[in-house]
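J.: Spelled out, the chains give:
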Amino acid sequence: MNPAIDTVLSAETPEGIAISIRPAGFAVRATAFLIDATIRVFFLMTCATVLAAGGRFGGGLFYIFFFVLNWLYPVIFELTPAAATPGKRIMGLVVLMANGLPITPAGCLIRNLMRVVDVLPLFYAFGIVTMLLRGDSRRLGDLAGGTVVAYRYDVQPAGSLADAVPMPPPISLSRRQQIAIMAFGFRVERLTPERAEEIAELASAAVADAPARLSLTTRLVGVARWLHGERRASAPAGSSAR
Amino acid sequence: MTALEFQTAHEGLWVELEQAIQLPERKLDPQRFLALYRTCCEHFALAEARGFPSAIIERLSIVTARAHQIVYRQSDFGIARIARVLLNRFPAMVRAHRGYVALSALLAVGPAVVLGLAVYHKPDLILSIVDGSTAAKFEKMYDPSNEVLGRLRDAGSNWMMFGFYIMNNIGIAFQCYATGVLLGVGSVYFIAMNGAFGGAIAGYVASAGFGGTFFSFVATHSAFELTAIVLCGAAGLRIGRAVLLPGRLPRAVALELAAKDTSVIVFGSAVMLVIAAAIEAFWSSAAWVTPTAKYCGAAACWILVTLFFLRRPYAD
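Chains as they are written, first to last, in this note's numbering: chain A, 1 to 242; chain B, 1 to 316.
So here's chain B without its partners, still in its complex pose (with noise of 0.2 angstroms):
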């Protein structure tokens, strides 16, 4: 068969598929399509064994590609997927990597309680982390008297303040993660020094007396934002694993295998940090809610994702 009569024959199905691939999505026959997409990949492979003139082949080639993005892409990105991953995907992953998740809350905690008890006793360490006026802002803050807790006055309505830790949390979670790149370092830095930031803080304003609205205040979120902190810093310490000790692959797919487990723990992160950004904004902050309800909450919220994470609806 001559390249003119192949083309003769077949061309009224490439034209076909050439408008078919034109037409928004829900606009296909899916069966046509789908046998179109094929006779016209065996056209394109026969034009290529028999070494058809490269103007069929190209527009093979091009039709084809455009065709199987079409075949393949992935629509089922509904509400039931998203909730099947977040609700047993995550969990599972996160036991997955407990090993990190440990290591990594080792990397978060330790400095926190080695810089708080520091500040605590001596009060003027604060100094070698923030300088004075925010020092004296964060004292401001959780002054008791004050009607909105965890923020001076000024600093705006509760909406502003849910967007703001959102942009803000979540972006420092982001940066745990992804700088895990950088074999490993990266994570590491972020999750210590915000530890240790944390530590300090808490550290200064419970030695200016003001421990009991600190600790109410950051009792309940801290469930759902130090957590997810935590999983991020672990996911990242996976990715520089990956990277610094790729094993028996090579560093590339070592590091693209790290990437897509632990992609599903940085999504409910980010999920559980704007349940945390709704909490610190309406409920921690707060200063008619007495201390006692919020320490009730905080143990209801540990306990739920304690939980969470624990159980096994299925086997992993």
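Chain A extracted, bound-state conformation (with noise of 0.2 angstroms):
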């Protein structure tokens, strides 16, 4: 993908793939980032007031869960097998290495330490300021913890096939021909007819003149779908990728 449109970063594994990391940004992250803080804040005054009832053990119960609050409540949370705090699962993101792997201790915990640098002078400016000029949208601590806040990998592939009766291209298509066809037959079911028959128009090599009662489009999708390897004319209907 051309980094210069996409902020998608990519990451080879051993097995010889390369993994999509999409990072997320700043609105995202202030969202979460919000969400977490009115937890936080609602656990204190409840915590606060239960141990109260306490005396002076309860005070000093109190000063350590506002550490803990403070300084352990993302690290915690982020080296569970979920990897986000509350706030960043809810919006659907989950912390990373940068490398794709899944977050390490220390990582995790000097990602989370910096936010005493990422704070500075006010309301996080430092790191908002990090994020938005970098295109991976990565703060201060999380290029000294080699971590990287990501959309999680729950998305589910969208578009089918559309409909049409499998026919042979009339010419013998290159890869990159073939690839373009194919998905040319997936995302046309999103796309307006009068779009669909004008990108067809600029295929229309590419399809047989007959039938002319067909419109470009339906005969173009039809050469989607034989190279999609359906052969026979009486194709089920509905059968796709899924």
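Simulated from the structure, these hints should not be mistaken for laboratory data.
Warning: the hint list may mix true and false statements.
Stated by the list, open to error - Away from chain A, derived, C-beta distances all over 10 angstroms, residues of chain B: (1) 13; (2) 29; (3) 37; (4) 38; (5) 125; (6) 143; (7) 179; (8) 206; (9) 207; (10) 248; (11) 249; (12) 285; (13) 306.
To be verified - Facing chain B, a subset of chain A residues (Cβ under 8 angstroms, in silico): (14) 64; (15) 67; (16) 69; (17) 71; (18) 75; (19) 81; (20) 102; (21) 106; (22) 110; (23) 146; (24) 153; (25) 160; (26) 178; (27) 179; (28) 229; (29) 230.
As the list claims (entries may be wrong) - With a cut-off of at most 20 angstroms between alpha-carbon atoms, the simulated SDA-like pairs for lysine to any residue come out as follows: (30) B:260 / A:115; (31) B:27 / A:81; (32) B:260 / A:201; (33) B:260 / A:97; (34) B:27 / A:82; (35) B:260 / B:212; (36) B:260 / A:64; (37) B:260 / A:192; (38) B:260 / A:99.
Each residue gets a CB set at the ideal place from its N, CA and C atoms; glycine is no exception.
The task is to assemble the complex, starting from two chains supplied on their own in separate frames and drawing on the hints.
T.: In structure tokens:
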């Protein structure tokens, strides 16, 4: 993908595949932060109320609790299997190492200790500026810890091949042309018929002239189905990539 | 092989892996899971190379990415590992950074001694560091007629102070460390400020004639507390050095490496500060322990800490 128009990071694994990491931007991370802040304030207030009954021992517990909430809340949650604080989880985010691996204890500790710097001089200004300047939206703590906050991998791929009778292309097509035509077949349902027809015009050379009663779009989708592997004219309706 | 044939032939395995990643980790059959993961990685690579439709590629990319997270998670986070890190790696990393530790110690002790002596001879100088009421409070804290030392009688019980010391001291240590990323300036500032503050208070309390209670109070827990803060400062200086003078590495990479090296030091220091807080709350402040006993305890602690960092169970 073109790095100029997309922020997707690619990380290679020992299995020889490249994992795509989609870094989360400032807005969604700020929302997650506000959710976490609300949770923390709520718990702190509940604690203060409950522990006030515990006298001075309760007071000590309160200080410890305050310390834990302040410094260790993100560390603890990010080391759970979900690898995200409750706010991040709600926003569909996850913390990863920048090389695609699951977050390590050291990386997690550093990224959260460095908040001390990211909050400077006011309202996370350093962190926000660093995030906005970088395509991968990492704040100073992320840079030091080697981590990145990304969207969780739970997006279901959308789209199925539109309906048409499979028909072979009249000319031989290159690999790239085949990929483009198949991609068209998967996208066509999300286009207006006029726009689809316009795009199909561009590929008119790859489509047989007959039968003329079918629109160019339908015939091109037919070619896409043929390329996808359907050969029989009586392909079961609705068979698709899923 | 067309995309359709490919999908028909292998979809069973993809579905199996898609179901497996939903399960909690302990319910997985590791061998089967790994085999599935590798096979799906192969299919993903094949599908990409052959230009199969993006629905197949996306689906495989998601399932392999999620399985990858499960396969490579460091589940080894047990007591044995933490003990190994604290007992071996922590002192080893401190020794590896001995230059930074020396500089950090100098930055803390220098201002402490200078201001301590200055305030001792001219107690009014304390007002340039803290305001009058704070100074009076510190003087009152170390009055030998107190039942508990190091705090005012109404400030709460030992447990309350234990919690307070943990929050306060570890916060200071983390600050000394993390602000190092500002070209080291933050670390230098916080170490020197904390040194100066401590020195000034010591000089002031001593000039009021309460030096005996003050020094017997701080001697024991400072073995852990001062050392830990100096170590965090040293780690911060290393971070600052990496940003200021990254050498042949790109700045971001130098920073990441420095942070990785020093994280163990910060972790170890946090543990030392918890020990220090316990000593400070339950031993240092107890007026029933005689100063002689406290000095003996202090000597033992300092020797213990020194030996801990000098001993080499394995070659570094």
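J.: A separate judgement is required for each hint: does it hold in the structure or not?
T.: Here is what the structure says about each hint:
{"no.": "1", "hint": "13", "in the structure": "15 angstroms, holds"}
{"no.": "2", "hint": "29", "in the structure": "18 angstroms, holds"}
{"no.": "3", "hint": "37", "in the structure": "8 angstroms, violated"}
{"no.": "4", "hint": "38", "in the structure": "6 angstroms, violated"}
{"no.": "5", "hint": "125", "in the structure": "30 angstroms, holds"}
{"no.": "6", "hint": "143", "in the structure": "21 angstroms, holds"}
{"no.": "7", "hint": "179", "in the structure": "6 angstroms, violated"}
{"no.": "8", "hint": "206", "in the structure": "29 angstroms, holds"}
{"no.": "9", "hint": "207", "in the structure": "31 angstroms, holds"}
{"no.": "10", "hint": "248", "in the structure": "18 angstroms, holds"}
{"no.": "11", "hint": "249", "in the structure": "13 angstroms, holds"}
{"no.": "12", "hint": "285", "in the structure": "13 angstroms, holds"}
{"no.": "13", "hint": "306", "in the structure": "26 angstroms, holds"}
{"no.": "14", "hint": "64", "in the structure": "4 angstroms, holds"}
{"no.": "15", "hint": "67", "in the structure": "4 angstroms, holds"}
{"no.": "16", "hint": "69", "in the structure": "10 angstroms, violated"}
{"no.": "17", "hint": "71", "in the structure": "7 angstroms, holds"}
{"no.": "18", "hint": "75", "in the structure": "11 angstroms, violated"}
{"no.": "19", "hint": "81", "in the structure": "7 angstroms, holds"}
{"no.": "20", "hint": "102", "in the structure": "4 angstroms, holds"}
{"no.": "21", "hint": "106", "in the structure": "4 angstroms, holds"}
{"no.": "22", "hint": "110", "in the structure": "5 angstroms, holds"}
{"no.": "23", "hint": "146", "in the structure": "5 angstroms, holds"}
{"no.": "24", "hint": "153", "in the structure": "5 angstroms, holds"}
{"no.": "25", "hint": "160", "in the structure": "7 angstroms, holds"}
{"no.": "26", "hint": "178", "in the structure": "6 angstroms, holds"}
{"no.": "27", "hint": "179", "in the structure": "4 angstroms, holds"}
{"no.": "28", "hint": "229", "in the structure": "3 angstroms, holds"}
{"no.": "29", "hint": "230", "in the structure": "6 angstroms, holds"}
{"no.": "30", "hint": "B:260 / A:115", "in the structure": "16 angstroms, holds"}
{"no.": "31", "hint": "B:27 / A:81", "in the structure": "14 angstroms, holds"}
{"no.": "32", "hint": "B:260 / A:201", "in the structure": "56 angstroms, violated"}
{"no.": "33", "hint": "B:260 / A:97", "in the structure": "12 angstroms, holds"}
{"no.": "34", "hint": "B:27 / A:82", "in the structure": "17 angstroms, holds"}
{"no.": "35", "hint": "B:260 / B:212", "in the structure": "42 angstroms, violated"}
{"no.": "36", "hint": "B:260 / A:64", "in the structure": "27 angstroms, violated"}
{"no.": "37", "hint": "B:260 / A:192", "in the structure": "53 angstroms, violated"}
{"no.": "38", "hint": "B:260 / A:99", "in the structure": "15 angstroms, holds"}
The structure fails to meet hints 3, 4, 7, 16, 18, 32, 35, 36, 37 from the earlier list, while all remaining hints are met.
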